[in-house]
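Engineer: Heads up: the sequence lines are chains A and B, in that order. 269 is the number that our numbering gives to position 269 of the first sequence; each next residue is one higher, with no gaps. In our numbering, each residue carries its 1-based index in the second sequence increased by 1000.
In case anyone wonders, no lab produced these hints; they're calculated from the structure. Any given hint could turn out to be false.
To be verified - Computed, partial: chain B to chain A, Cβ under 7 Å:
#, residue
1, Thr-1083
2, Leu-1357
3, Gly-1359
4, Pro-1361
5, Asn-1633
6, Pro-1736
7, Gly-1744
What the hints assert, rightly or not - List of simulated lysine to aspartate or glutamate pairs, EDC-like, C-alpha gap at most 16 Å:
#, chain 1, residue 1, chain 2, residue 2
8, B, Lys-1509, B, Asp-1568
9, A, Lys-23, B, Asp-1139
10, B, Lys-1731, A, Asp-119
11, B, Lys-1830, B, Asp-1187
12, A, Lys-79, A, Asp-61
13, B, Lys-1134, B, Glu-1709
14, B, Lys-1815, A, Asp-138
15, B, Lys-1677, A, Asp-61
Think of the CB as a built atom: it goes at the ideal place given N, C-alpha and C, for glycine as much as any other residue.
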Amino acid sequence: MKKLLLFLVAASMVVAYSCKKTKNTISTAVTPESNPINQDTLCGYIRGTMLSGKTYYIKCDIQVKNTDTLYIENNVTVKVLNNSAFYISGTLISEGTQSSPITFTSFDNSTHWGGFQCDTANYVSFKWTHINYTGGPDSSGSARKSLYIARNIPFVFHDSWLFEGQDDGLRCQGAQVSILRSTFQHNGTTDGEAINMKDGATGDIAYNYIWSQAGSGIKLETNATILLPQTRMNVYNNTVVNSGFRRGAGEPGRGVNVDLSTAANVYNNIFVNVYRGLEITQLADTNNVHYGNNLFYAVDDSVKANYYPAGNWGKQQPTDKINVNPMLTGLDGNIMNTSDNNNPHLQSGSPAIGAGVTTLPNLGYIPLSGGDAGPSADLGAYPSNGSGNLH
Amino acid sequence: MLKTFVFSLTSVLLVTALHAQTFKIKGRVKDSELNEPLPGASVYLKELHQQTITDNEGEYRFEHVPAGDYSILVNYTGFDSSTRLINTSKARKEENEDGEVEMNIFLRPKNLTLTEVQINRKRNNETDESSRYKEKNGDQIVNIVGAKAIEISPDITAANILQRVSGVSLERSNQGDGRYAIVRGMDQRYNNTLINGCKIPSPDPYNRYVPLDIIPSELLQKIEVYKSLTPDMEGDAIGGTVNLEMKDAPDELLLHANAFSGYSALLWKQPFQAFDRSIIHAQDPNESNPKGYVTQPSDFPRKNLDFAPKTFTPYYSGGLIVGRRFIHNKLGILLSGTYQNKYTTSNNQFFTVAPLLDGTPYLTEGFNRTYYDQTIRSGLNAKVDYQLNSKNNISFTNIYLNLKDIQSRFTSDTSLTTFRTGNLYGTGQVFLRDRSEYNNQSIESAILNGKHQITRNLFLNWTGLYSIATNKTPDQAEVSRDFLIDSAYHHSATYFDGLTRVWQHNNDKDYSGALDLEYKPFLLGRTFDFKAGGLYRRKSRSNYLNDFELRNANQTMKSVYTGIENADWLVYSHGIGDYGTNNYDASETVSAYYAQIKTNFGPLQVLAGFRIENTDDAYTTHAPASQNAANANVSYMDFLPNLQLKYAIDKKQNLRLALYKSLSRPSYFDLVPYDIKGDNYDQVGNPYLEHTQAANADLRYEWYPSNNEEILAGVFYKQLQHPIEATFDLKNIYAPTLTYTSDGTATNYGFELAVIKFIGHFGINANYTFTNSSLTTDKLFADTALGKEVLKSQNHPLQGQSKHIANLSLLYLNKKIGLNIEIAYQFTGKRISDVAPFYGTDYYQQDLSQLDFSADKNIGKHFGAFVKLNNLLNAPYVVKLTNGLLVEKNYFGRSFLFGFSYKLN
């Protein structure tokens, strides 16, 4: 009996000891105070203004908090070291001017850096800004887009340049975009689109010049899993030259690709020596895809056969100019060249002049305030009245 | 290894006997039918008028006995009395240096005839009779398969045997072999695996459950599937506990050897594709070079992507089991080892799907995959036990299990949407991917156990365990090419599309200690069994993963692929610094305590008690401080009450009721904030995941018409809090993520029926299980009125739960001519293989029937020959969507093997 008692006492002690409280400590993100920009070498959490005329060096990843703004004045040069990137949760405004543009580049103009990762930003605007040598891999080894947004925010990309990025150039999931009068040269090593609009992005892509992109010039699609909202985009007056040759045949590069559940207007574009021209797939929201007045030209016969790749919904339109030389001021037909020897402006007498539409069907979204340019009567990014791409 | 063993065996055999003047007489009283000890039997030494009662192990002992002739009289209720004569001076064989004379006394159950007793004399723990005995007399609801049944079955891994147990179905590997057990519709997440009653860690890089195909069946003494838990068992099993008992030292010299060979029939059609694994670097370039090293293209060999056919690829295997007891049965040694080398191939076809706006799924990509696997499975079990005296026993077990899988995988991936219309079958973009992988998994466990009788009715049992599981996959290499077949069936050139190289390794270490104290007093006119104890386990895991992306070196133009020897690449991503998707360290401390009381009220046995499990989980990642949940510590306590009633209707029938609570802990990887990038969504970890808690009820009727027959019928009901399910997070609809959540509840109920019946030499072993579970998951739904994607709840069964599972084995067992034949049919009904994220759709594995055959025949006294034919129906593994759209089809082919065995005893 004594032993039984002992046993019970021991057992109850065990119970008492065991009944401790449940507690969890899961670390929360540490967000230090952001520092005002008062030196030339920057690292970590910053806010404030990069002053005109100065050169800044980025030593490690830059973080801009949700409540902070990073403002870059004209004539600033930013040199990035150590594959660093800009992680923007707040506002980023890069306000270059035609006479005093801004430049972001890697410190040695050869290695690559992490670009602008604006997944959770509130507002992003680039004007007259050069962005060179982006696309360095992230910490898990995945390629980084030159600029990435995954939020329904306004995004302005005007009169700017993307050069030698390694993967997608502008990748937006769900933003209201205005991508105008910009230049994309030799981006993507063996993969990547210059402008990749996805998952409910809406807006205008116009007057852009795309040269030697690895994959597609402009790709539009809606998420195959998250079907709504739809991607809806106006794509007009762009010029795509010598593009789509570095990615394999399985997913070849196109001039413009309108894919899954996307509504789009595709008018007034010029495609010269593009591996696959305009592809509108069977899965696009074909009731709401409108297209025509596009010009296709190629030197190589095998490419000629693919202005409208076979097996797709998109077909040659009566308003198109098929296999018509647009008479660019300078055309370098060698797709192997790694420096851009083209002059994509139209010569006088070009058949592209006056071949376009000047109004677009309504896709049911409101463009960004400030107004987009609207289509021009001349095809391509360089209408003869000088209203297009100013580079 | 073998040489050392033979040497030590010889030296032990050379131990010689010594003489002594006075004697102790001791021995065990056992059931002659089952060879089970009989505790509480009365033993009377007539000449000295001394009486004693056998202990828990059935042992009796008389001390200070002068030399002479004695008679021993043994009485036990339900058994015939027995009088045995013993002569101390003549008993040379039964004498040892301590002056002890040992005599085991077998009592015959009253209802058995003499002939049956003689036939059954040699039976031990491995027999069907022993399995039935334990099922009948255990405190829990349990199903047992003994080594004898395993030996004659068509199965050669532990997993494949498990599918014959009622209520168990399997999750299979790409080779068609069972890998994980699904117990009563609860998948591997909700079950635990023990070896010799001890928890073992998993080599799996993502999960905590143990892949059962690593365990060769030859090493096993028996497999026990516990479907109810008692407080003295670990509480983290909701479906059930699978305990693998390894072979134990036998009373008589045991020597078994076997060798067999065979072929996978599909390999006649498609010869094995091999690569050179000798050139694989064990460490990636970042690990093997000083910090700051810039990875070069030449750091990555080509030869492991250079595949060549191998024409003759037979399956071969060998095993050896040696064991006996020495020093007058005090020291027991058992060594068993096995080696299997198997070549298999399988063909797999599957499709990815996406929904249309109205929810109708359509196919997006089609994958054709051919696998070639060389599987080398080896296992070693060494057990030494020492019986200090009748009251103290210490044993040491070391188990080593190793599984090497050398796999060549060829994939063609065709887009069914781009450049493709429904009627243009055979066109579209095609990616070809060849992958080589060398995966090496092992588990090693050292278990030290002691059993002590402290006083007449106080018992102590302790266990110390160290176990380590490792997994290494160095340089998993994949090369991609692509081409296009256009609508005019024009085949483009094939272009080089780069490579990926991945190094992954992880290990999981357990230190645990357990202590059980049992007190069996006779109080208030009945026998009580009090048991209390505790368990402490410290577990640590480290995971490493590094990947490299190699791109076409030609930066100006795509390159036509002309073979791996000509491919020219540059290093795009030089491997991670220190933070990646599967790089983390985790630890877990479990401390558990329990107390239980067991007693009988007439035919009713009551076992009541509780268990408390404290869990402390922690992980650290190398994530930057700007990320949430980079590190975490999670502690929780579970109180698990338990009641088990067993009512003996008569000597052959029981009615059992079990009511208890149990839990299931999430895998570490589920918690770690990983982020696997995908085209349409990222998959992320969930550090806030709760562990699953369950309340379980079980009722079973058991009828054991004879010692190797049974009829079992049971029902069960389970209610789960926080079942773990994959769900979409749409907080940011523009960056959706798929993650595990634990917000819901689930129920699971069903019934089981199992019959084992013999008529002469013919036997039937059949079982059927009905299971029905229900769980609610939030799924994606495109709300066109709202213009956005929303989450909508959908009810579905638990993943892996088949409504119907059935087994039917026909047996012919003839001991006289030494012939055993088994035809085993297994049916797994339709079940969810994956929960689809889209509303209205899930992936259903279709009904699957399998037929296997085995036969063995003795040749003379010691030799035997056997044949095993597997997957005779070659039925495909088929997965369809809820609406019937076919999304997966696998063929594994038939396989056959034949072999010889040698048995001494």
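Engineer: Check the hint pairing Lys-1830 of chain B with Asp-1187 of chain B against an upper bound of 16 Å on the C-alpha distance.
Structural biologist: The given pair, whose Cα atoms are some 14 Å apart, holds under the 16 Å limit.
Engineer: Mind checking the alpha carbons of Lys-1509 of chain B and Asp-1568 of chain B for me, to see if they're no more than 16 Å apart?
Structural biologist: Answer violated: Lys-1509 of chain B to Asp-1568 of chain B is near 42 Å, above 16 Å.
Engineer: Tell me if the straight-line CA distance from Lys-1815 of chain B to Asp-138 of chain A falls inside 16 Å.
Structural biologist: Violated - the C-alpha atoms of Asp-138 of chain A and Lys-1815 of chain B are around 68 Å apart, more than 16 Å.
Engineer: Quick check on Asn-1633 of chain B please, does its C-beta sit within 7 Å of some C-beta on chain A?
Structural biologist: Check passed: Cβ of Asn-1633 of chain B comes within 5 Å of chain A, closer than 7 Å.
Engineer: Under 7 Å, Cβ to Cβ, is where Pro-1736 of chain B needs to be relative to chain A, so tell me if that hint holds or is violated.
Structural biologist: At about 5 Å, which falls below the 7 Å cut-off, the nearest Cβ of chain A leaves the hint on Pro-1736 of chain B intact, so it holds.
Engineer: Taken at face value, is the distance from the CA of Asp-61 of chain A to the CA of Lys-1677 of chain B at most 16 Å?
Structural biologist: Violated, at about 20 Å.
Engineer: Regarding the pair Lys-1134 of chain B and Glu-1709 of chain B, is the alpha-carbon distance no greater than 16 Å?
Structural biologist: Measuring from Cα to Cα gives roughly 13 Å; hence the hint holds.
Engineer: Less than 7 Å between beta-carbons is the criterion; does Gly-1744 of chain B satisfy it with respect to chain A?
Structural biologist: violated, 20 Å
Engineer: Given Thr-1083 of chain B was flagged as interface, is its beta-carbon under 7 Å from a beta-carbon of chain A?
Structural biologist: violated, 36 Å
Engineer: Please verify that hint: Pro-1361 of chain B, Cβ, nearest Cβ of chain A, below 7 Å or not.
Structural biologist: Not OK, violated: Pro-1361 of chain B not within 7 Å of chain A, min 11 Å.
Engineer: So, as I understand it, the hint says Leu-1357 of chain B touches chain A; can you test that by seeing if any CB pair is closer than 7 Å?
Structural biologist: Hint on Leu-1357 of chain B: holds, closest Cβ of chain A at ~6 Å, below 7 Å.
Engineer: Would you check whether Gly-1359 of chain B satisfies its interface hint, that is, whether its CB is within less than 7 Å of any CB in chain A?
Structural biologist: Violated: closest Cβ of chain A sits about 9 Å from Gly-1359 of chain B, beyond 7 Å.
Hint violations for this structure: numbers 1, 3, 4, 7, 8, 9, 14 and 15, all remaining hints satisfied.
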